[in-house]
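K.L.:
The residues making up each chain are set out below.
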Amino acid sequence: MNTEALVVARNLRKEFPAPKGMKSEPIVAVDDVSFELFPNECLAIVGESGSGKTTVARMLVGLETVTGGELSVRGEARSKGAGSLADRRRWAREVQYVFQDPYSSLNPRQSIGDTIQASLALHARGNPGKRELKLKAQDILDSVGLAAPFFGKRPHQLSGGQRQRVAIARALAADPAVIVLDEAVAALDVSIQAQILNLLSDIRSQREVSYLFISHDLAVVNQVSERMIVMEQGQVVDAGRTAELLANPTHPYTRSLRAAVPRQGWKPVRRERLAS
Amino acid sequence: MTISMEKTVKGTAVAVRQPGFLHRGYERLGLLGTAAAAVLLLVALSAALAPMLAPYDPDFPDLLAALSGPTADHPLGTDALGRDILSRLMWGARITLAGPGLVILLSTVVGTVLALVASWCGGRVDTAISWVLDILFAVPGIVFALISVAIWGPSLLTVVAGLAVAYVPYVARVVRGAGLRERNLPYVSAAWLQGHSGAGITLTQILPNVQGIVIAQAISSLGFAVIDLAAVSFLGLGVQPPTADLGLMVKSGFDSVLRGHPAEAIAAGALIILIVWCVTVIGDRLTTTARSMR
Amino acid sequence: MSEALLALDDVRAVLHSRHQSQALLNGVSFSIAKGEALGLVGESGSGKSLTTRAITRMLDPAFEVSGSITFDGAPVLSMGPSELRSYRSRDIGMIFQDPRAHVNPVHTVGDFLTEELVRNRGLSRGEVEHRAVALLDEVGVRYPERRLTQYPHELSGGMLQRVMIASVLLAEPRLILADEPTTALDVTAQSDVMAILDEQRRARGLSLLFITHDLELAAACCDRLAVMYAGEIVEQGAHVYESPGHPYTIELLGARPSIDERLDRLPVLRYNREIHEQLKAEA
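Residue numbers (our numbering), protein chains in the order written: chain A, 2 to 277; chain B, -8 to 285; chain C, 11 to 293.
By construction, these hints were calculated from the structure, which means they are not laboratory data.
Possibly wrong hints are sitting among the right ones.
Unchecked claim - Below, computed lysine to aspartate or glutamate pairings styled on DMTMM-like, alpha-carbon distance capped at 20 angstroms:
id : chain 1 : residue 1 : chain 2 : residue 2
1  : A       : Lys268    : C       : Glu226
2  : C       : Lys44     : C       : Asp82
3  : A       : Lys154    : A       : Asp176
4  : A       : Lys268    : C       : Asp196
5  : A       : Lys268    : C       : Asp82
Make a model of the complete structure from these sequences and hints.
P.N.:
Written as structure tokens, this is what we have:
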């Protein structure tokens, strides 16, 4: 690929201080993680709980500080955190985030139209008037499948799938180059999940946007991503093209993950005894 | 209505027609709370319309009719200077409602601002503000009122100022807790990631979500403020005679009690208790509702 | 063919509110034989959790329940208080989605495992602990004696769920009700826990009612499946997964992405209430 990577992570490290009163070593949540995200692609980070995948995603947008290593978006280093409000706003236009829980990621007291409009107001170029912003907000909501009647509704009036659409619309309002989806479909029913996955695919065909897709669900990852990295206990243990990795996994951890996915002819299998 | 349904049937959304404002008020307050609200409204209206409704001028002495028990002319009797007790009650209620109201208004505004700043900024700012609040907590409200009076002399406003300072930490503690809770929710992170400023997020995202608790706390504190203010007036440090004030009436009523005419003290005392009861019931109901809606 | 241990016949649960009445369970009928595992599959709002609560008579009193639920011939809906208590503690064992919400955080694991048996069945603590340790070992918990003195917060989710399974098995119920027991677990832990549950239940001849949204998982662990939609069972049988007959089941299976192939677009469910009512009218 000739195009430059949008996101470059090199030897990323994240330590959390040990809880007081216990042994003094810090907890290493992310240990020497490197990857690149290119334009117009979807990279999945796969792992189980404790793998550090969510921490990596949060470091990318600044919700967690970077303890070590380098992180840059479009060549601009982000390891030190945003210096000013202006920086933070600029970064917001480059990378956006969709959270896992549709029930707490929207302001319960704001109508979804107002939420989108507020975001648009922050990022709109030129000086659009209120009416223009409202029209644009309606457009964006429409593009995620929420037509005009939804504009004035509050989150508690919407289903989980609809709320997640709003969260995606909010991310799109900033017109970012990268959207981080942190287990964005994990809390949804199968039928709704399918709709949202299709929506994500439609968005990619209509816009220039890349996804960093965090998930524990291999089937979903297979449907949505071209490349993936597998994390275990803070480290990257496997990486490659999604289809290949899932068809012929060589790394034992990837194989154990794949073997645990229920499907046609599958039977649950015991591992050895659990120590913790 | 919708909210109680969702709690009953976990995970199943049951669509219910949205009831109107009064209906919702009744839902939140319950039977007792609504009764209390009605009584309070009645008292407040009588107080507000006292200039028109009161049968006599509250300051008009009629020594010939002094210390008369309940009669046709004076339903609650007269005090030692012959002033009509009922009229003085109505006029006194104005101060008893307005004074504490002002205390609560000031302390709520200041307390909420401090709490939101503390919960948003965290770190040293939070520690410093919490430290100040702890000190304020340690001092009883009356002491602040006394200090204020010692500096500026006795009057309603000095007492209000002193008490307002005393009440700040009560509001601030509750709002700070709620603010911290909201701050950790993803929608706040999402707003931050959009590029909204800290102040903007605090005002537009967090404040609307804690306002229920703020209001419930304010109304609960109102009851205490009424008692504190009446107590200070009773001590003679607040409103000065001849102004009609319920606390003062209890004090001057004391002397009448010794002479065998308890009407003034009892009437004033009873009205104070009634107001405090109403306000406390309403505050309690709102607090319970605010908590259950989380 | 063993006779039914648990039988539901036309069970309805109607929620009455000031403004309307809604039937959240609309004629649910199925049975579980002794030693059989039935998977109850549905999306959220389908009524699968309500069904388990109806079976244990733990539905909110606001519900009006009708129909018949029998356990080993005894009618559950008309049981008296002591019969009901015995039914809930001895005949049925429940495993919940979130074990942490169902254990007292200030009691040790040992307390949790032994309390009910010591109190209600007159066994000595030592004896119950002995059994508990044996069971913890069987469900794959290392150093089981040590666990007895630990507190719930010291155990991981997967470990705690195994402790729950051990506690259920200790009580020796005849029917295990497992309500999304592995939804909160990692996929490897899920495979583990289900394997253990399956193995233990077969070894003891216990029946299992397994509630889940995951059709594949249910098909792998249960003898029969029942698919729920809008408070009703739309299809049930032993071959629902291999050869689904009802349009809802077919669409549900199709909507799930697969690890073997990637589609351009996932097929979206068109099944909805209207179609559902139409189908019922035509039947």
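K.L.:
Evaluate each hint against the coordinates.
P.N.:
Checked hints:
1. A/Lys268 <-> C/Glu226: Given pair A/Lys268, C/Glu226 holds - Cα atoms ~10 angstroms apart, limit 20 angstroms.
2. C/Lys44 <-> C/Asp82: holds, 9 angstroms
3. A/Lys154 <-> A/Asp176: Outside the cut-off at roughly 23 angstroms; violated.
4. A/Lys268 <-> C/Asp196: Holds, at roughly 16 angstroms.
5. A/Lys268 <-> C/Asp82: Violated, because 30 angstroms separates the two Cα atoms, which is more than 20 angstroms.
In summary, the numbered hints that this structure violates are 3, 5.
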